[in-house]
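Got chain E; can you put chain C with the ligand on it based on the hints?
Those protein sequences? They're chains E and C, same order as listed. In case it helps, the working numbering puts the first sequence at residues 1 to 176. In case it helps, the working numbering puts the second sequence at residues 1 to 416.
It is possible that some hints are incorrect.
[Claimed, not checked] Straight-line alpha carbon distances no greater than 25 Å define the calculated SDA-like cross-link-like pairs of lysine to any residue that follow: (1) E:LYS45 - C:SER12; (2) E:LYS45 - C:TYR25; (3) E:LYS32 - E:GLY46; (4) C:LYS303 - C:ASP352.
Worth flagging that the hints you see were computed from the coordinates, not collected in a lab.
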Amino acid sequence: MTSALTYSDALIAGILRRVRTIAMVGASPNWKRPSNFAMKYLQEKGYRVIPVNPRAAAGGASILGEPARTSLADVPAPVDMVDVFRGSDAALEITREAIRLREEKRIEVVWMQLGVRNDEAAAEAEAAGLTVVMNRCPKIEYGRLWGELGWGGVDSGVISSRRPRLVPAPGRGTSE
Amino acid sequence: MIHAGAGPEPVSGARQTPIFQNTAYAFHDADHAASLFNLQTFGFIYSRLGNPTVAALEQRLASLEGGRGAACCASGHAAQVLAFFPLMEPGSRFVASNRLYGGSITQFGRTFRKFDWHCDFVDTEDLAAVEAALDAGVKALFIESLANPGGVVSDLEALAELTNASGAVLIVDSTLATPWLCRPMDWGADVVVHSATKFLSGNGTVIGGAVIDSGRFDWGASGRFPGLSEPEPAYHGLKFSETFGDLAFTTHAHAVGLRDLGATMAPMNAFLILLGLETLSLRMERHCRNALRVAEWLEGHPKVAWVSYAALPGSPYRDLAAKYLPNGAGSVFTFGVRGGYEAGIRVVEGCDLFSHLANVGDARSLILHPASTTHRQLSDEQRAAAGAGPEVVRLSIGLETVDDLIRDLDRALAAA
Ligand SMILES: Cc1ncc(COP(=O)(O)O)c(C=O)c1O
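Chain E with its partners taken away, still in its complex shape:
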């Protein structure tokens, strides 16, 4: 396929520190689905996660306490990050909508989930000044960078002799 994606720990950590509100496109109301797992975890870490799921929205459903929205346009501003929890094919259209809504919603980051990659969408978003992460899970990255992933025996790839800060709350900047 295409080249492997590499993102520095500093870039990922910077995003996860800066962002407060995440619009999760494709969040499922079924608690056993991966999107629901990720949403719950991110909520526990202090992020506001607003689910975008037209089917759930049509039925007036809430997901983990947040009313589901029909589209990105229906999500109240500000949205710091759009998390694409849909297939790679759907990512282009979602990204284009994020680019269109960028000013209005103050969107800074388009993040495509683990397994989701659309290079065309990424190029367009980057040209529009958005930061793009693809084929990563914000839950796993958060856990990896702040030590929690290793609790389950998973290699975090992080080697550091520095005394870690306790897990940062989102949006507190780098002083945490």
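Frame of chain E, contents of chain C with the ligand only:
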């Protein structure tokens, strides 16, 4: 070996990994407890499933082997059960090399049958036989990278190719090699198991084991491993492969394997193994250097019929050793004493420095007569296949001054 998995402890700043001698972990509230029990968040619940000291070791071993994650457990044998547990169903079959640690042959050939798990042993040097044995239903191929007892090296790359093509999982016991000498995942292994009892801890202090997963096997696409790809009733029907992706095997090993099989590693043991790993590179260098010297010396001794050490120029495994074990061929090997069974026993009993006991991978040099001990339960045929015939003596060369070791063997051989 020194840093992975073990930065300073965040609360106190303690630089060495603390021993979390602790059973259970406080929940923030009922919702946090529910998230933990549903596997929705990372965290500790109860030390049968996970413990911070053990987790530090798991991370370090995963890092050293180039794997995605690891699960530590009570022993090397527990690691083998834990490795097969997510893959096998009653009636399932796997294939294993006929050159394995004797205890593994007994575990696979006898005890596993009580779970209705079935093992076919093959000569893994016969690639055509391996290919024939790996038919469509087979779940896994199990080999040792460097086999106990006899200086035998497996052709990892060729065996990985065959296993991969058949859709089975390649499990490699890399106890005698350690990740410092060989990383089977670099050659295509899916899962690596260790007896941490041996070189990883290195001082003969603990019994422990580990299963490391590469994260590369696509359980969902395969369909041959329902334990990982089908709904798990004990977790409300979640599918591990779908929910956890490349973390599925490691998550399952803790959340189902250790939870229900219960063969957990004690935190104190994890600490001792972490401590051992800090010096693994130094020790393995010395183990290998000493072993080569002793093997060369034995080759020239009139009472020695043959020496099976893969780094010797005459070894049939020399090329494989050069490819897979470029830093040294380990320190466990066998030799044949002229005079058979009785002479073998006399050599073992004649040593003053070598300890006569059933273990390998200690700082102390060890000696054993496999036919009368570790391989005693096997048939003559199995013993011969495993390189443990009547005249065979097994050595595990330690860290002592090598001339002292040679002097000890010289005396024992003279009396044999
Ligand atoms: C190659 C090998 N695998 C597995 C084991 C079993 O390990 P444990 O004794 O830790 O259960 C041993 C022990 O001798 C071994 O040598």
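Hints, verified against the model:
| no. | hint | verdict |
| --- | --- | --- |
| 1 | E:LYS45 - C:SER12 | holds, 22 Å |
| 2 | E:LYS45 - C:TYR25 | holds, 19 Å |
| 3 | E:LYS32 - E:GLY46 | holds, 21 Å |
| 4 | C:LYS303 - C:ASP352 | holds, 19 Å |
Against the hints set out earlier in the document, no violation occurs for any number.
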